[in-house]
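J.: What follows is the residue order along each chain.
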Amino acid sequence: MEKTTESTGTIFKVKRFSVHDGPGIRTSVFLKGCPLSCIWCHSPEGISSDISLWYDKNLCIACGNCVLGCPNNALELIQDAEPHINIDQKLCDISGDCVKICPSGAIQFTGSTTSLSDVVNEIAKDILYYQISGGGVTLTGGEPLYQPDFSMAILKACRKRKIHTAIETCLFCERDAIVSISDYLDLFIIDMKIFDMTQHIHYTGKSNEIIKENFRYIAKSGKPVLVRIPMIKGITDTEENKNACVRFVLEIDCQIPIEFISYNPLAENNYKRLNMPFLLKC
Amino acid sequence: MIPEFQNLKPSERILSLKNKTLTAVRYLSIEQAKIITKVYKENEDLPVILKRAESLARSLSEMSIAIDPEELIVGNRTPDNRAGVVFPEAGLNWLVNEIETLPVRPQDPFAVRQNDISCFKDLIEPYWRGKTLEDDIYRSYGKEISAIEKVVKINQKDHAQGHICPKVEDWLRFGPAGLLKIAQENLSSAPDDRKVFYKSVVKALDAACKFIYRFGALASDMAKNQNKDALRMNLEEIAVICKRLSDNPPETFREALQSVWFLFVILHMESNASSFSPGRLDQYLYQFYKNDIESGRIDSEKAIELLDALFIKFNQIVYMRNAHSAKYFAGFPIGFNVTIGGQTKNGVDATNELSYLILKTQDHIRLPQPNITARLHKNSPDEFITECTRVIGLGNGMPQIVNDESIIPALKTIGIDHDDCMDYALVGCVELSTQGNYLGWSDAAMFNMVKVLELTLNDGKCLLSGKQIGLKTGSLDNYIDYRSFESAYKKQIDFFIEKMILACGAVEKSHQSHLPSPFLSSVVDDCLTIGKDVTEGGAKYNMSGIQAIQVANIADSLAVVKNLVFDDKFIKKETLLNALRNNFYGNETLRQLCINRIPKYGNDIAWVDELGAKLVTYFASKIKQYRNFRGGGFHMGLYTVSVHVPMGQNVGATPDGRFAQTPLADGGMSPMYGRDKLGPTAVLNSVSRIPSHLATNGTLLNMKFLPSFFDNHSDREKFASLLKSFVCLPVNHVQFNVVTAQELINAKADPESYRGLTIRVAGYTAYFTELDEDLQDEIIKRTTHGENN
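Which chain is which? The protein sequence lines are Y and C, in order. Sequential numbering from 76 applies to the first sequence in my numbering. Sequential numbering from 293 applies to the second sequence in my numbering.
This is chain Y alone, in the form it adopts within the complex:
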């Protein structure tokens, strides 16, 4: 045994047979917490690093058991045409009693604190498929470099098992995090959004100076890189932005592949579950 105390991290999803996050058949691990808050984010439950509750009305059978079970009276059953539960986040202390009680899985945690070995065991379940397809693991999020130590621990463990490793990152992070993790990485998937700095701040909440600097560093490091740009109508998909991003990438290294990714329409449902406004639509 290497360690006595095992590292843990916060993840909100593990997706197996993930076939569009790098080569081959992959498992994507979604790490919770992100420095940006892009208004189109398709996994809004991954933005905050805190675990909270979310609620899926479609699954709810309005039995009301959670209301009775909540020690803080944070839940209320609304008996209208479509009976549903209201969660008062201010009263909720995330005790999780309601999650345990809920029979249909309508109330869930938005993530869980997970040990390294649990994550790695989950990843290792599909090792056969990685080997045959040339696939592996992709850390995504959220922003995996928001939990740099845990991400690195996962990748290290995967490397040991000869699993191909990729990370999908927005690059808004300390340079050190990139430097140290790149030893355990086979592929950087860079989630690039907006070239113009003002626009970037406006739509993601942060400047892209650090991102660009980090990108230059990675592109020159010789690691395989794939750039992906989500196509958000009127924001990222303008000719001007696309051209600027492409020019920026190709001027650094004309070999780097660039993909334009169509937007995930699942997003809105996720906002509903979180009871968060979906700004993109507004």
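Quick caveat, the hints were computed from the structure, so don't treat them as lab data. Don't take every hint at face value.
Each computed DSSO-like pair below joins lysine-lysine, with the alpha-carbon atoms no more than 27 Å apart [to be verified]:
#1 C:Lys969 / Y:Lys132
#2 C:Lys864 / Y:Lys175
#3 Y:Lys175 / C:Lys861
Chain Y is already provided as a structure; the job is to place chain C on it using the hints.
T.: Same frame as chain Y, now just chain C:
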């Protein structure tokens, strides 16, 4: 893939033949029933096997025959295409009740000629009353069969059992005339008690030769009056081929295809049965193909036109079922299973140009028959897997994929020789068989283990009717722990197995006395050598297959009982039992707990999968202890095809949260619909924990993909990788349902049952039921559009 194959298109002639096949009105046909009835009436004192041979011989010489001048491959058992043929010896009871409603029944109707109704009612049916296989079975064992029918569905009670790969290789090597000579020689040296068998075979084969000749003669006559040159030349060629084949083995590719087709026509004239399967067409036809290509007699365009023509013929014999059965086996599936790829006896990859041409033929024809199976193994060429992937992506669910690495060692454990194992093929849907020497009786019975679980929970009493069907082992609230519950479950299983084995014996005995099949026996080793009919045990291998149904519901239900009831005591025993008795009425909360609190089979959770595996293993080991009527063994299958629906109707509410009388999990190995949530790799991992190696009768795993998953090269490559991974797992079979718009419409209306359905939306894959309604509609529309292309 040979590049020139890529661009082969179906010819005008093929499109026209296909269209005619699909648009022809299907009629009930009693022509052969009249002949059979006459022969039986005139020869009441003959041994049954001779009556059967005489009936076949007279049918082969007297039945009307027809040729369409466009046809390249000719012959059918009736002059009309796709007729519903009546065979009186096996059973007529359903037809007595349904002959008038055949034309108006919702599923698979047949037109009926007015005269035929009266002829059937006045001349045919009265003679057979009390004399058929069905009548005999019900007389001798009907009460016992009914007593267990909610648990065990005993099959083959009113038709011949079929489900066999004849020895096509020998049929092609010797021709019927050559086989006739062998039978005549054996007859002359046979001991007295075997003479009747050989006499019957001789009669059948002699008539087979003449039947083939009749098509030659008809083609000659038709050629004389045909003024279109191309059609006349075709008819002249047919005449030459049929006349030659009546007396000689085939030499050319076209002759070989024609000869194969005649074999299956005649088998279907002897026995009203499904699932006579051609087996490894790409192997035994390859030499004919190669010779003709090398000599320049045909090119690949001509070769595929001939294969196309044969594939259309496979759709011209249909199996008429009663209205109830037609609902679940819609579209007259008759089970012509063609197996391609695999290995030679030496373990070398056996894929050849014909394997690819057959896949291309499927691309051309896309009709329900034949059922195409591709055998994969560790050294299957990438290009073969790629081409299988492409064709799977076309829809139709073909080819289905089977795994040599898992199947061949399993077949060895039931005593099959190495060479025969290497040469295995599939029969009907997914049944495993060796070629030309195996009477698998693969559909002997379906054993509803979920029903037995229900009885174990309720002291042997049926939850639906309240009747005492099983043993009084106590009910859920009486068991002190999971172990005592499990041991009661096993006792109930034993109880029904014993009764089932006796019933299977009674059915086989009646088959032997009613449906000996001398023509079939002439193409199954070792019947001709030892002088025994197949029904008497003449085949080299004599198995009986029992399907254990359904592992997903068992694993899921046991997981709830074990974990929630006994281990965690989260649910009180009485509470669950009452909920089941009331079909969860007024207790949706409990039902949701049963569904969501405990992981389900298909999500790669070892302890859940293993609960199912354990019971299935128990079942397999139990039935293995018995011998069948022909002296062979019983073995297990894990498939239901579409019977999971009627089987589910027999079962009350189950602890996995399934409502009473709703369908069980589909396929056989598949997870319960909507319960697998982690995608195909998790499903495959779960399935690999179920002992496929004990299911030597066959297994069925159904997986669903959207057509758009096959749109681009990179995704198709990932699919091919999934197939290659499958070969590394101990799983026998997988088939891919490339999902249709209708299924998506159903998924939208009933999301709970379709949670695992993943679809490719744009640049990524998502769960369909999680999509917004508008997007669902959009995809449904898009999918419909895709289907029209």
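J.: If a hint holds in the structure, say so; if it does not, say that too.
T.: Hints, verified against the model:
Restraint check for C:Lys969 and Y:Lys132: the C-alpha separation of about 19 Å stays at or below 27 Å, so the hint holds. Restraint check: the Cα-Cα separation between C:Lys864 and Y:Lys175 comes to about 17 Å, which is no more than 27 Å; the hinted pair holds. Proximity of Y:Lys175 to C:Lys861 is assessed by CA-CA distance (about 15 Å); at most 27 Å being required, the pair is judged to hold.
In this structure, every one of the numbered hints holds.
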